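My request is simple: use the sequences and hints to build the entire structure.
Protein chains: 2
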Amino acid sequence: MNDEYYMKMALREAQKAYDIGEVPVGAIVVWNDKVLARGHNQVELLKDATAHAEMIALTAAFSELGSKYLPEGTLYVTVEPCLMCCGALHWSKIGRIVYGARDDKNGYRRYVKENGDHSPMHVFHPKTKLNFGILAEECSQLMKDFFRERR
Amino acid sequence: MNDEYYMKMALREAQKAYDIGEVPVGAIVVWNDKVLARGHNQVELLKDATAHAEMIALTAAFSELGSKYLPEGTLYVTVEPCLMCCGALHWSKIGRIVYGARDDKNGYRRYVKENGDHSPMHVFHPKTKLNFGILAEECSQLMKDFFRERR
Numbered sequence: 001m002n003d004e005y006y007m008k009m010a011l012r013e014a015q016k017a018y019d020i021g022e023v024p025v026g027a028i029v030v031w032n033d034k035v036l037a038r039g040h041n042q043v044e045l046l047k048d049a050t051a052h053a054e055m056i057a058l059t060a061a062f063s064e065l066g067s068k069y070l071p072e073g074t075l076y077v078t079v080e081p082c083l084m085c086c087g088a089l090h091w092s093k094i095g096r097i098v099y100g101a102r103d104d105k106n107g108y109r110r111y112v113k114e115n116g117d118h119s120p121m122h123v124f125h126p127k128t129k130l131n132f133g134i135l136a137e138e139c140s141q142l143m144k145d146f147f148r149e150r151r
Numbered sequence: 001m002n003d004e005y006y007m008k009m010a011l012r013e014a015q016k017a018y019d020i021g022e023v024p025v026g027a028i029v030v031w032n033d034k035v036l037a038r039g040h041n042q043v044e045l046l047k048d049a050t051a052h053a054e055m056i057a058l059t060a061a062f063s064e065l066g067s068k069y070l071p072e073g074t075l076y077v078t079v080e081p082c083l084m085c086c087g088a089l090h091w092s093k094i095g096r097i098v099y100g101a102r103d104d105k106n107g108y109r110r111y112v113k114e115n116g117d118h119s120p121m122h123v124f125h126p127k128t129k130l131n132f133g134i135l136a137e138e139c140s141q142l143m144k145d146f147f148r149e150r151r
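Protein sequence lines, in the order shown, are assigned to chains A and B.
Just so we're aligned, residue 1 is where the first sequence starts under UniProt numbering, counting upward by one.
Just so we're aligned, residue 1 is where the second sequence starts under UniProt numbering, counting upward by one.
No lab work stands behind these hints, which were simulated from the structure alone.
A portion of the hints provided could be inaccurate.
Below 25 Å or equal to it, Euclidean Cα-Cα: the simulated DSS-like pairs (lysine-lysine) are [claimed, not checked]: (1) B/K47 <-> A/K68; (2) B/K34 <-> B/K8; (3) A/K47 <-> B/K8; (4) A/K93 <-> B/K113; (5) B/K144 <-> A/K68; (6) B/K144 <-> A/K129; (7) B/K34 <-> A/K16.
Here the structure is a predicted model, which is why all the values come from computation and not from measurement.
What follows is the structure, encoded as structure tokens:
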């Protein structure tokens, strides 16, 4: 399956968050072309500031595999990871990260050091590949709708 | 009670990690001079790369208070937080962070942007106070002992 297929699945997770009044972010961990774990933001439900979609999906993936590393895994997430999730992805040694929409306010790129060309420093495992912009419009629109309703 | 008192308590948590073969880091969350939550590193035990002492202590504190914010709380941790834990502390809006030993390899200061004077950018909540170096020698020695044994 291709990246759009899995990003659509992550979007369905984000919609679940939206439907219960959570900031709509969803994540999927894929391993050998199989969905290993899912997660959607549950910060309000759990009253836990660390219950981001990525953290939930990663912890579920570790548990499913019985391993603290995910070198063959790909994490799809609808919105650019924050600093915490970026750190968690670093420790997981995940094979690939694919995110949809950029997040200039809370995304990790705002905080991590830059290279000479002002690109963010690669803080993930050296072997981790990174892609972004997949279904960015849809991922971003869900966030915009959410915050517009709450204004 | 003073910072040394609580850092000794965090060191006892770190010793628990040491005793079960985990990288020896311990954390305590204090609220109004009462210990609200404790945590020690359990990455190997849980096979979960996110099970750092700070994450466990924060999640326990959120659960204990039924709140996703800890503005009156202080987190004591024996070693400088990593990028993930730094991000989690940001979201928690914790009142104060006190760490013992610096961690030049995995500590957040290695990755976060710097100010003009090369000090790390303040990535925590604007009201979060930061102190470090409390019982640094003891906190660092436990780490050194752990890694020496494993070489």
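Next item on the list: Below or equal to 25 Å on CA atoms is what counts here, so check A/K93 against B/K113.
Entry: holds, 22 Å
Notebook entry, point to check: Is A/K47 within 25 Å of B/K8, Cα to Cα?
Noted result: violated, 29 Å
Margin query: Run the distance test for B/K34 versus B/K8: straight-line Cα separation, threshold 25 Å.
Written below: This hinted pair holds, its Cα atoms lying about 15 Å apart.
Check: Given the hinted pair B/K47 and A/K68, is their alpha-carbon gap at most 25 Å?
Finding: holds, 5 Å
Margin query: Between the alpha carbons of B/K144 and A/K68, is the straight-line distance 25 Å or under?
Written below: Answer holds: B/K144 to A/K68 is near 23 Å, not above 25 Å.
Item checked: Hint consistency between B/K34 and A/K16 [alpha-carbon to alpha-carbon, up to 25 Å] -> violated, 38 Å
Next item on the list: Take the C-alpha atoms of B/K144 and A/K129, compute the straight-line distance between them, and say whether it is at most 25 Å.
Entry: violated, 32 Å
Violation of the numbered hints given earlier is confined to hints 3, 6 and 7; the remaining hints are satisfied by the structure.
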